[in-house]
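Just so you know, the sequences run in chain order A and B.
Under the numbering used here, think of the first position of the first sequence as 1, with each following residue one higher.
Under the numbering used here, think of the first position of the second sequence as 1, with each following residue one higher.
Calculated from the structure, these hints are not laboratory results.
Careful, some of the hints might be misleading.
Unchecked claim - Distance condition first, Cα-Cα at most 27 Å in a straight line; then the derived BS3-like pairs of lysine-lysine:
no., chain 1, residue 1, chain 2, residue 2
1, B, 287, B, 138
2, A, 116, A, 132
3, B, 74, B, 54
4, B, 317, A, 105
5, B, 354, B, 416
6, A, 105, B, 138
Nothing here was measured: the structure is a model prediction, and the numbers come from that model.
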Amino acid sequence: MKVRLAVLAALAFVTNVDAADKPDLSYCTVCHGAHGNGNPAIRAPKIAGMEPWYIRRQLELFRDGMRGTHPDDYPGHEMQPVGVRLRDDAGIEAALAYVAGFQPKTPPATVDGDTKRGSSLYETCAACHGAKGEGNQSLGAPALASRTDWYLVTQLQNYKTGLRGDDARDTNGAQMRAIAATLPDEQAIDDVVAYINTLR
Amino acid sequence: MNQALSRRGFLHLVGAFGGSAAVYQAALGMGLLPTVAHADRPDIAPIGGKRRTKVVVLGAGISGLAATYELRRKGYDVQVIEASHRAGGRNLTLRGGDLVDESGYPQTCGFDRDPDLYFNAGPARIPGHHSALLGYCKELGIQLSPFINDNRSALVQDDAMFGGRPIRNREYITDTRGFIAELLAKSLKPEQLSASFTSADYSRLLEYVRQFGELDGRFTYTGSARAGFVKHDYTGPEKLKQPLAISELMRSGFMYVMSFGELDDQSAMMMEPVGGMDRVVAGFMSKVGDCVRTHSQVESIRLTERGVDVVYRNDGKRTLVQADYCLNCIPMQLLAGIEHNFPPEYSGGFTAVKRGKLFKIGLQMKERFWEREGIYGGISWTMQDITQLWYPAHGIHRDKGVMLGAYTFGDDVGEKWSRMTPAQRIEAAIQQGEKLHPGYRSYVEHGVSIPWHRMNHMLGCSARWDDSVRDQWFKRLQAPVGAHYLIGDQLSYHSGWQEGAIHSAYHAIADIDKRVRGQAAQVVAA
Numbered sequence: 001m002k003v004r005l006a007v008l009a010a011l012a013f014v015t016n017v018d019a020a021d022k023p024d025l026s027y028c029t030v031c032h033g034a035h036g037n038g039n040p041a042i043r044a045p046k047i048a049g050m051e052p053w054y055i056r057r058q059l060e061l062f063r064d065g066m067r068g069t070h071p072d073d074y075p076g077h078e079m080q081p082v083g084v085r086l087r088d089d090a091g092i093e094a095a096l097a098y099v100a101g102f103q104p105k106t107p108p109a110t111v112d113g114d115t116k117r118g119s120s121l122y123e124t125c126a127a128c129h130g131a132k133g134e135g136n137q138s139l140g141a142p143a144l145a146s147r148t149d150w151y152l153v154t155q156l157q158n159y160k161t162g163l164r165g166d167d168a169r170d171t172n173g174a175q176m177r178a179i180a181a182t183l184p185d186e187q188a189i190d191d192v193v194a195y196i197n198t199l200r
Numbered sequence: 001m002n003q004a005l006s007r008r009g010f011l012h013l014v015g016a017f018g019g020s021a022a023v024y025q026a027a028l029g030m031g032l033l034p035t036v037a038h039a040d041r042p043d044i045a046p047i048g049g050k051r052r053t054k055v056v057v058l059g060a061g062i063s064g065l066a067a068t069y070e071l072r073r074k075g076y077d078v079q080v081i082e083a084s085h086r087a088g089g090r091n092l093t094l095r096g097g098d099l100v101d102e103s104g105y106p107q108t109c110g111f112d113r114d115p116d117l118y119f120n121a122g123p124a125r126i127p128g129h130h131s132a133l134l135g136y137c138k139e140l141g142i143q144l145s146p147f148i149n150d151n152r153s154a155l156v157q158d159d160a161m162f163g164g165r166p167i168r169n170r171e172y173i174t175d176t177r178g179f180i181a182e183l184l185a186k187s188l189k190p191e192q193l194s195a196s197f198t199s200a201d202y203s204r205l206l207e208y209v210r211q212f213g214e215l216d217g218r219f220t221y222t223g224s225a226r227a228g229f230v231k232h233d234y235t236g237p238e239k240l241k242q243p244l245a246i247s248e249l250m251r252s253g254f255m256y257v258m259s260f261g262e263l264d265d266q267s268a269m270m271m272e273p274v275g276g277m278d279r280v281v282a283g284f285m286s287k288v289g290d291c292v293r294t295h296s297q298v299e300s301i302r303l304t305e306r307g308v309d310v311v312y313r314n315d316g317k318r319t320l321v322q323a324d325y326c327l328n329c330i331p332m333q334l335l336a337g338i339e340h341n342f343p344p345e346y347s348g349g350f351t352a353v354k355r356g357k358l359f360k361i362g363l364q365m366k367e368r369f370w371e372r373e374g375i376y377g378g379i380s381w382t383m384q385d386i387t388q389l390w391y392p393a394h395g396i397h398r399d400k401g402v403m404l405g406a407y408t409f410g411d412d413v414g415e416k417w418s419r420m421t422p423a424q425r426i427e428a429a430i431q432q433g434e435k436l437h438p439g440y441r442s443y444v445e446h447g448v449s450i451p452w453h454r455m456n457h458m459l460g461c462s463a464r465w466d467d468s469v470r471d472q473w474f475k476r477l478q479a480p481v482g483a484h485y486l487i488g489d490q491l492s493y494h495s496g497w498q499e500g501a502i503h504s505a506y507h508a509i510a511d512i513d514k515r516v517r518g519q520a521a522q523v524v525a526a
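Chain A extracted, bound-state conformation (with noise of 0.2 Å):
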């Protein structure tokens, strides 16, 4: 009776230790919406249909402290700690396992901008980012249409003041913390946003 009971003990020990291991999956969709499109009153966007070289880069970022570590980049730190927990590879493909079955939304345009401006300003961006704001993987520059706005307008701010982008480790982000930081003023980032709107 006592082995079992010490048997028992050490599988409950064993089964703790994997639970706190192992992170669910399911605590995504807690920030991140159903199926991953987005939750605007807690500023987490939408990762539905992100491309998973895009998801797989910044869950490293947010891991190894490259990202959302920027005393001003509160919603950025609310994610750290989530990447630090998913550790190595196996966490990471997990994850983009589990976002790639997620049915992705066209989330609702919100930011309003100048259009014709926005389209003047976006030739720079579509150098990377494609024409249509589809995305080039081989310059690292992830896809744009259809992603919530809202988290584009955040992260253009984020990258001209220096939140992100900022690690010189981070060589995507200090590329594009560079081009950021030629859009000449606060409306010109609601313009090229509202243009991208326009790509869907």
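Dock chain B against chain A, hints included.
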């Protein structure tokens, strides 16, 4: 015998014939006793017939559980869908071995397994006027004990005064009142008062000021028993503490919270369930637990011709529930990420109302050192980020105790805490606690931190309604859309309190009852 009866004489007669309840009712009628109106528990009509009205409840928080309990008693067919691993919502009592389900930082509570070693991470006290909640405690057999919220022997610490040295709460309150009273008594002149103030009124006013500050015969404040004594050695004469320097006292931000314990919701007499606030959850679950399904995240809510369709996911499997009515206590900040077909003039509110960022830390202490310092229960205040220390009123004089090591309300400070790892938070809380209780660190055995805006399936506490948002959205969100009702403390004028949650549930189920009665009447007429 035509002599008019005095009011007291009349009451005496009523008592003689009708007993004390009659006296009480009569007194209310005559306006002698103060009375406060409460939200009434709705009188739901029992469901008869073959087809029972089906209600799906989203979220097993207090509002969802109370509504379920009420409706099921009257024959409704109720199903509760809960996303997390447990029922109760923010009514969370942590004990050894419990999961603290924080996004990115899951922690396991490491307290010893002992009936007195628990931490109420959410609600922790019940005011005497929260009659709906107290009514359930009585009905469900939940034993209550007094909760000590305000303790004048607890400490006040602020780096801005006395070089950071803590003082007793009673010293701050008494010495500042004494100073203010002396200042007023010496500067108040009869000619400053309006003509309707007689000289007798003036004398009475001065006397009030004297009593307010406990001034001496010459209207001077020289210390008071309210501020305490230098020692409690009753073999010799008592010696009052010297009043503290007013210039130091006035430097402290404590003035903004010094009246906290006088608030309607925070003043004696307060209660707590014996064994933890989640005894309330256990009480409800003993009645309705069989219809609550945990680990079930809602994916979509759709208004239909018939009622409401809900899809939820449990262990990767999707299930459709079709109900006549839906009571929804999912926090609005999460609802904004769930698929729905609500009109925008309704769903727009989900993002308009902001989420609060309350934060708590619980620390298991190997020794109840505070009791040696003459502190039995209550709250110490500090102007550091931890803001409050609570001393448990249960388990007095036992070896160990679980203290509250931080409780913060502001968004900025909440974010500051949540940016740290759990280990960093405990370390910061220990460093700050040292300023109130030297040697604090040596007592800490284990700590848990609960940033409510990072807790899975919650991501906020509590709903922040500013006036303009309330004007624009509250009525719209409180009213149903189709057969869908938003409930919870978030849809009350008392967010952050279980009583607010229950009242919102009452509001919604009373409306459902009205609609169901209306339909029954139509059927009869047909």
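Going down the list of hints, with the structure as the test:
no. : hint          : in the structure
1   : B:287 - B:138 : holds (14 Å)
2   : A:116 - A:132 : holds (15 Å)
3   : B:74 - B:54   : holds (12 Å)
4   : B:317 - A:105 : holds (20 Å)
5   : B:354 - B:416 : holds (18 Å)
6   : A:105 - B:138 : violated (49 Å)
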